[in-house]
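S.K.: Listed below, chain by chain, are the residues.
2 protein chains.
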Amino acid sequence: MVGLGPGNRESITPEALGAIKEAQVVVGYPTYLDLIEDLMAGKERVATPMRGELERARQAVALAVAGKKVAVVSSGDPGIYGMAGLILEVAGGEIPVQVVPGVTAASAAAAALGAPLMNDFAVISLSDLLTPWEIMIRRLEAAAQGDFVIVLYNPRSHGRPDHIKRAREIFLRHRSSQTPVGIVRCARRGLEEKILTDLENMLHYEIDMLTTVVIGNSQTRVMGGEMVTPRGYRL
Amino acid sequence: MVGLGPGNRESITPEALGAIKEAQVVVGYPTYLDLIEDLMAGKERVATPMRGELERARQAVALAVAGKKVAVVSSGDPGIYGMAGLILEVAGGEIPVQVVPGVTAASAAAAALGAPLMNDFAVISLSDLLTPWEIMIRRLEAAAQGDFVIVLYNPRSHGRPDHIKRAREIFLRHRSSQTPVGIVRCARRGLEEKILTDLENMLHYEIDMLTTVVIGNSQTRVMGGEMVTPRGYRL
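If you're matching them up, the sequences are chains A and V in order. Going by my numbering, the first residue of the first sequence is number 1, and it counts up by one from there. Going by my numbering, the first residue of the second sequence is number 1001, and it counts up by one from there.
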């Protein structure tokens, strides 16, 4: 399991590149395979479609059981909402599995926005393909109550356009409508777009599955165009 | 602000190395400067002691205001409990500041343990140098109630040996004593040590400031020696 980070070549660690170089088979979405095209000579390439996670995991494990060295590549960190868990579940201890971490979307988005994650934060995915909505609501409530900075992964898709609206309503019950909100699209991919807004206005901007949304806590401020949650030092 | 990741050379992204190469001055703890010694030729080196964060930020900003290109290096991701916020606060918009993210301790620890962060998680620092204990308790309670996987940064130091005990008591009010707990020391630094235990037994192991502790949620299991929070796929 190899994490490629936010999706530009400059963010891939040498450890991740090394794991890919060692592999005989590389499995992943076509977009990510393209990113490492120059390393693919002589390797078997298994490009898999979106949403085919279980099939991909089974294929990768079957190849490894058959004796191949397999690298399953993904963007971000495969250990955060990634394929690592599914691979371990499917492998069931039959083959050795190693996870090579990458820079996750929370880090990439935070870097684009300034420094919103200087204090405790919660990471929540708004995709309910796998998590029931009631559990998601419970977590949104808990994170809002606990005054966590909140990082939303998978904030919106065609199948669930209303989750982000309902999440915002929950936050507004616990936080000021002026709470800073950062919206980052394609962090560090060369096409990075970032928007600094607030809970009041956040829905006026495009939020899709390529964006990461960061909701400030009660201390988060915007200073000189940067979103900062002070760590608490007395200046 | 440049993140070096978990602390071995193999985890430093090309983007981070590039930022260091471009800098005229490199500021950081001696340990981290040693890691990039081969890049330091011809550069001014400002080694700073632990706990001197504010002084370090002021020095770095003063050098940048004086026209130097300055890289402030740190382990992990400077955007997660790092120096990025302090630098932005001290700089006050006077100089351009860029954050180059790195692999944070949560990712490195998760990779060592298996796949505990496949579902929503909260990141909490147990250092109360900067966060009042009452706020920390409120967050520990909220994260436990919300059934988040919980990643504890700075879990223990000489000044506050009891925080981890009190955190455990809070978790035990919401979760089974058999809840898996992972303790990782020096993740990916070549001397990595990992322990898989549970809420009942976690305090029998050494936990210090070099460790990251991951507390499972209600779904987290240990399978074949790996800590896994299932993402929810039906196998």
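Take these hints with a grain of salt, some might be off.
[Claimed, not checked] Dumping the calculated DSSO-like pairs for lysine-lysine here, alpha-carbon to alpha-carbon at most 30 Å:
#1 K194(A) with K1165(V)
#2 K21(A) with K1194(V)
#3 K194(A) with K1068(V)
#4 K1165(V) with K21(A)
Bear in mind the hints are in silico, worked out from the structure with no lab data behind them.
S.K.: For each hint, tell me whether it holds in the structure or not.
M.R.: We went through each hint and held it up to the structure:
Using a Cα cut-off of 30 Å, the hinted pair K194(A) and K1165(V) is violated, with the two alpha carbons roughly 41 Å apart. A distance of roughly 27 Å separates the Cα atoms of K21(A) and K1194(V); the hinted pair therefore holds under the 30 Å criterion. Straight-line distance between C-alpha atoms of K194(A) and K1068(V) comes to about 27 Å, which keeps the hinted pair within the 30 Å bound. Between the alpha carbons of K1165(V) and K21(A) the distance comes to roughly 44 Å, so the proposed pair goes past 30 Å and is violated.
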